[in-house]
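What follows is each chain in one-letter form.
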Amino acid sequence: MHPALQGLLTITSVVAVCFSYYYLSNWFLDNVFLPARGKYSNRNVNLANQIRPWLFLFPALTVLLVYLAYPVFETLRLSLTERHAYGDEWVGLANYAQMIKDQKFWEAVSNNMLWLAIVPAMSTGFGLLAAHLTDRIGWGNAAKSIIFMPMAISFVGAAVIWKLVYDARPIDQDQIGLLNALYLFFGGDAPQTWITKPFWNNLLLMVVLIWIQTGFAMVILSAALRNIPEETIEAAILDGSNPWQLFFRIKVPQIKGTILVVWTTITITVLKVFDIVFAMTNGHWNTQVLANYMFDKLFRANDWGVGSASVMVLMLLVTPILVWNVNNARKENQ
Amino acid sequence: MLARRTNKGIVMDNLVGHKSSLRWTVHISVAVLVILWLIPTLGLLVSSFRTADQISTSGWWQALVTTEQNLIMRTAKPQAQQIIDGKYVIEGMLFSSEKSPAIQAWGVSSIAIDDYIPGETAKLRKGGEISLRGDGYYRMASDKPFKGSRGTRVFVKASMPPEFTLDNYRNVLFDPDNVSGMAKAFLSTLTVAIPATIIPILIAAFAAYALAWMQFPGRALLVAFIVGLLVVPLQMALIPLLKLHMQIGIGKGFLGVWLAHTGFGLPLAIYLLRNYMVGLPKDIIENSRIDGATDFQIFMKIILPLSFPALAAFSIFQFLWTWNDLLVAKVFLFDSSGQTVVMTAKLVELLGSKGGNWEILATSAFVSIVVPLIVFFTLQKYLVRGLLTGSVK
Chain S
1 MHPALQGLLT
11 ITSVVAVCFS
21 YYYLSNWFLD
31 NVFLPARGKY
41 SNRNVNLANQ
51 IRPWLFLFPA
61 LTVLLVYLAY
71 PVFETLRLSL
81 TERHAYGDEW
91 VGLANYAQMI
101 KDQKFWEAVS
111 NNMLWLAIVP
121 AMSTGFGLLA
131 AHLTDRIGWG
141 NAAKSIIFMP
151 MAISFVGAAV
161 IWKLVYDARP
171 IDQDQIGLLN
181 ALYLFFGGDA
191 PQTWITKPFW
201 NNLLLMVVLI
211 WIQTGFAMVI
221 LSAALRNIPE
231 ETIEAAILDG
241 SNPWQLFFRI
251 KVPQIKGTIL
261 VVWTTITITV
271 LKVFDIVFAM
281 TNGHWNTQVL
291 ANYMFDKLFR
301 ANDWGVGSAS
311 VMVLMLLVTP
321 ILVWNVNNAR
331 KENQ
Chain P
335 MLARRTNKGI
345 VMDNLVGHKS
355 SLRWTVHISV
365 AVLVILWLIP
375 TLGLLVSSFR
385 TADQISTSGW
395 WQALVTTEQN
405 LIMRTAKPQA
415 QQIIDGKYVI
425 EGMLFSSEKS
435 PAIQAWGVSS
445 IAIDDYIPGE
455 TAKLRKGGEI
465 SLRGDGYYRM
475 ASDKPFKGSR
485 GTRVFVKASM
495 PPEFTLDNYR
505 NVLFDPDNVS
515 GMAKAFLSTL
525 TVAIPATIIP
535 ILIAAFAAYA
545 LAWMQFPGRA
555 LLVAFIVGLL
565 VVPLQMALIP
575 LLKLHMQIGI
585 GKGFLGVWLA
595 HTGFGLPLAI
605 YLLRNYMVGL
615 PKDIIENSRI
625 DGATDFQIFM
635 KIILPLSFPA
645 LAAFSIFQFL
655 WTWNDLLVAK
665 VFLFDSSGQT
675 VVMTAKLVEL
685 LGSKGGNWEI
695 LATSAFVSIV
705 VPLIVFFTLQ
715 KYLVRGLLTG
725 SVK
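Chains as they are written, first to last, in the numbering used here: chain S, 1 to 334; chain P, 335 to 727.
The following block holds chain S by itself, in its conformation from the complex (with noise of 0.2 Å):
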């Protein structure tokens, strides 16, 4: 079967049985097991309200479980053991020394310590430069759409789009690399293969992510100083303060909150970032980070031990932030 007929089949199955599922099981919980007539009409009702719920949320929470929780401590599991052909042997901390001793994993954890050092204040700060200005002039919408494009293309389309830029030919033709024109035409002397050199290589791939973070930031921030009590800014101008202190003073203390929400997600997705060091460099000259360092390990070397306790590195890194988000949650909802 043309798997194109295949998806086909599948969404329709899938929605059919959904809804079948929820119109169904409500039925049932309403007429057969708990049915609101008779002389248990009134405790039948209410204890058809309490199971209802989770009627409703069986299906994702089931998903959830299987999909996300249960990998969890799975992996933990993965990186105490050793996988042998006549089945799993527990090493305790075993692959976590391996891990540490090797000088790969280091470079990772270096280079994703640097992406995580730029990559979120850069593309938050532009994004706040971007949404300050853009939100004065008569064409910002415009210049909104075009910052913003970039969340639409692919890492993969990214890393193409840039590894043009990045390009190098030999010093006797002409170059095709945008970069290395500049490079040239502002005086430099020979064209250089930018990819292949370390340290400036992390900050070009870097430069990938934050050109497509940057339209996120920018939207969010945007919202955010439209939402400033224009009182505030009002009362400021009044007592004579200029733009830079309006802006810093004023407004950039009232989005606080707004700006850590951006820098933080930002963060994640720095933390994971994957598919632009994969397509680009493959983690060669010195740029290997933390997705692509357990990629290497779990699909190449096939060692899942090792492989498993790097993605708990990752799980460590994000712990942090993730009992900030659970904690904020669980204050908005009380």
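Hints listed in this document are in silico derivations from the structure and should not be mistaken for laboratory results.
Any given hint might turn out to be false.
Unchecked claim - In silico DSS-like pairs for lysine-lysine, Cα to Cα no more than 30 Å straight-line:
no.	chain 1	residue 1	chain 2	residue 2
1	S	K272	P	K586
2	S	K272	P	K715
3	S	K251	P	K715
Starting from the known structure of chain S, arrange chain P on it as the hints suggest.
For chain P alone, kept in the frame of chain S given last:
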């Protein structure tokens, strides 16, 4: 409202109005940002309409004007030589495309690249001679056989008129041999993305309704649980789920990808939809409850239609995410038959194997980018609204 507007006007005038230099700075800064953000994509787009020769010999920014360029071309390999009238001869066209640039001067040594004009004959260092016509036709002749494995280098100074072609797209999309494999990959991506977008919405909508409008113990805890799952790296799930899929017989294939995408998309779907549904007017829902509507009816007849903007927002997110995804497809879909490669995986493959073939690469990349871009530009309103529900409250 009107008063506020005027106030704002005054505020703005005070801010930038009387300082027109500042206003210009704003315009110019935004213009610079826009150009910076647009140029990389523009480069790829322009390149996808150029021939292989053009892309590899000049920057895309030169594509719009006639330019004079120094090219290094190679003649055919010595294997192609024939014996004509007792001489060893290699002949052919220097440029592979139909229209060749107008050659102004040429040479056979890198120190003297413009020693000859078209029609002249040059002596070759290794023996024999070569002549070159203005249209790119060359003829090498020698008394002794040509040796070596590579063709002879010819340096050409030529003016290239601007020229665009749709051939790349024809090759990538409609080539019957499907060398690039993009046509098939396009279908695979589509087959992944659509069910992977629809299935989670359906499941999430019911759950979101329960979390927003039904009272039951443990609700707050569940919401917190879902918020927590929002940031769990999906890398966590790869090996355990692949193992699970293998054990229960799903294996690698479309079904596995759909399920995986459903699982990974669900926390965001529930979170977005719940945030939106909580804000729906309480009166309508309670009135219909009093009128005897069941929760199922309320959900189907009131909540679902009213939640359209949130449903649309999530669909766009999920569609973009599944269309653009590489990792999930690589792990759960990629099988040895090679029949089910998605476009992102294909692009990575092309980047590796045909790193220099920019005409195929640029065109393929654009084919994969164009659908998300259309979705993005037509439905941007919903996307922005969804982002705001998701992160700002």
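Consistency of the hints with the structure:
Straight-line distance between C-alpha atoms of S:K272 and P:K586 comes to about 23 Å, which keeps the hinted pair within the 30 Å bound. The straight-line distance between the Cα atoms of S:K272 and P:K715 is roughly 27 Å, inside the 30 Å bound, and the hint therefore holds. Of the supplied pair hints, the one linking S:K251 and P:K715 holds, its CA atoms being roughly 25 Å apart against a limit of 30 Å.
Going through the hint list in order, the structure satisfies each hint without exception.
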